[in-house]
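Visitor: The residues making up each chain are set out below.
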Amino acid sequence: MRTLLFQSIFAAPVTARAPAPSAQALEELGRKLDKSARRLLGRSLAIREVDAGSCNGCELEIHALENAVYDASRFGIRFVASPRHADALLVTGPVTHNMKVALERTFAAVPAPRWVIAAGQCAVDGCVFRDSYANANGVADVLDVDLHIPGCPPSPAALLEGLLALMQN
Amino acid sequence: MTNDLFALLKKAGRKAATQRGAPRHEVKEEGWRGLAERLGKKGSGEKGLDLMGLWADQGRVLMALFQPETGQFGLASIKVVDGAFPSVGALHPPAIRPERMIRDLFGYDPVGLEDQRNWIDHSTWHQSMPLSPQPAAPSQPAPYPFLASRGEGLHQIPVGPVHAGIIEPGHFRFTCAGETVVRLEERLGYVHKGIEKLAQGKTPLEAAPICARISGDSTVAFSLAFSRAVEEALDLDIPQRAHWLRALMGELERLANHFGDIGAICNDAAFAFIHAHFGILREDVLQAAQTCFGHRLMMDRVIPGGTACDLDSGGRAVLLALLDGLEERLPALIELYDSTPSIQDRTRTSGRLDPGLAHAFAAGGFVGRASGRSFDARAAFAYPPFDRIALEPACAENGDVDARVWVRIREAEQSMILIRRILADMPDGECRIDLPAPGNRVREGIALVEGFRGDVLVWVRLDRKGRIARLHPRDPSVFQWPLLEDVIRGNIVADFPLCNKSFNCSYSGHDL
Ligand code: SF4
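The listed protein sequences derive, respectively, from chains A and B. Per the numbering used here, residue 119 is the first one in the first sequence, and the count goes up by one each step. Per the numbering used here, residue 706 is the first one in the second sequence, and the count goes up by one each step.
Facing chain B, a subset of chain A residues (Cβ under 8 Å, in silico):
no.	residue
1	Glu167
2	Ile180
3	Ala186
4	Ala199
5	Ser273
Simulated from the structure, these hints should not be mistaken for lab results. Just so you know, even glycine gets a beta-carbon here, dropped at the ideal spot from N, CA and C.
Kindly generate the complete structure, drawing on both the sequences and the hints.
Guide: Here it is as structure tokens:
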């Protein structure tokens, strides 16, 4: 362990440079968020993640946001365990009918003002799971969505760009 | 020999389909029961059988069987009569959940199965029995009585479906005496998306993206199993180079998952330092995958007929550099895991899976191998290129969290050696071939491949036009989830995240 710690004193940081906020996301948010909401959000964002039928691919990349390379916490982005501590819900998956009630209840527990982010192609439009007997065709079928982050799965960089746009707008 | 699987199948009924790898015999009730009685029997010269999968097709129920002693692999099927078939679960508990799934999806009744509760049908779908030719109106919402535990001072803790972390949804019902778990019962099905039905009517190439999204962490493994099953059905030989490229991607997927999960287990044991370092190793693998194959998780890169992309000399150099970097950093992290008492204190002896249960449930992957069941589909079936690369499955006997971590460490080291070998020996040539015309025949194919989590099974039936008439993917988690219930018994509630993480079962792969 000492060797490892010693090495890290001399090693260059592994953390990637901060990406610019996504222009597309900025535009979508510009239309939706008013000034007061932006003030409230300030410089930090507490996120409650909800898997509403994902294949788990999106979760892997959301996890990567917390690793040393992407380190979302340096931007004030935190993942919280309770929806009551959250500013935003980050939802993945097309929203299976079996998860609909749980998603709605989690949303109800988030104090206003609150934002809903649909992350991944499934959450955007259902992806390959469109038009199934068992799920909706994306989060917008169930909740009002403030920000869509497409991609299957969206890369950690794309997720960061979207989240930064939400915070800066 | 009399008790060989093939002899048993022949005795039980006539051959109904010749698949390259495995024969399917259609058996009568007596033969079905005879086979069911041999399931999970180990030793005592009995030549027992492992249940590798149990699912339904139109008008029949099928089970996939493996015989460890002979290495034989085959299928038995039985006709559904008056909407019913004899329950295997009544004789062999690992079959209970697959049979409840069959009942939910087809409406076929497993006669003799005690558990009458729905499993993945939570009465929210637009139809019930969605895979039967005549789906019915949605099922009526009914209470879901969890299994009872009686005793003084017992209390229940319901957890989920939304969990505290960034993980998939499912419900856990703990019954506890103080801090000690007396019983855990899982309720799954929350991420059911109707994958099997979505694939129906599509060509294999149209269905491939669906199969790549059954469980995102195992996208290469599912795509490989699906592609191999389709190729078997079409009797298609693909270019040699494609086999090697597929194996290369499979080993990269295994590395990425093992690194991520070993780190996460240490994190659950409050050792964030190792977690941070393994997180970087995982990221390195994914970035190399992005550079070489154009996708971090390598989704849609393995397709029926071969691979969707090739590896050029630049990509080869990237992978060699990746290996150099990993080989340099991994040993110190392993050494740290091995020499830190505060982790060992948590991982040793906790979450012990009894070897007897591991065998009875034919537990695949590191879950089985850490409890002495040495099965590894790469070694057992030697599908190419593993016909050219001998592989000794990494095993342990202790069956605790620590044993599962060690098996994964050894497998990660093995994958790095395999990747070097693949890069050195990969033949030149094409990496893809067109699928042949179906030839106006109904065809079946099955494949078992080794994903990071264990053996992934895919069975397909193609119609006369070559379209998917029935697809059944079986994630290794199907037979691992029930074992987690046993493993946590007698442990403290606080150790559940650790035990759970050390299994890391798939919800999406199970729920379909
Ligand atoms: S968007 Fe893609 S990666 Fe994300 S859950 Fe859907 S299928 Fe999986």
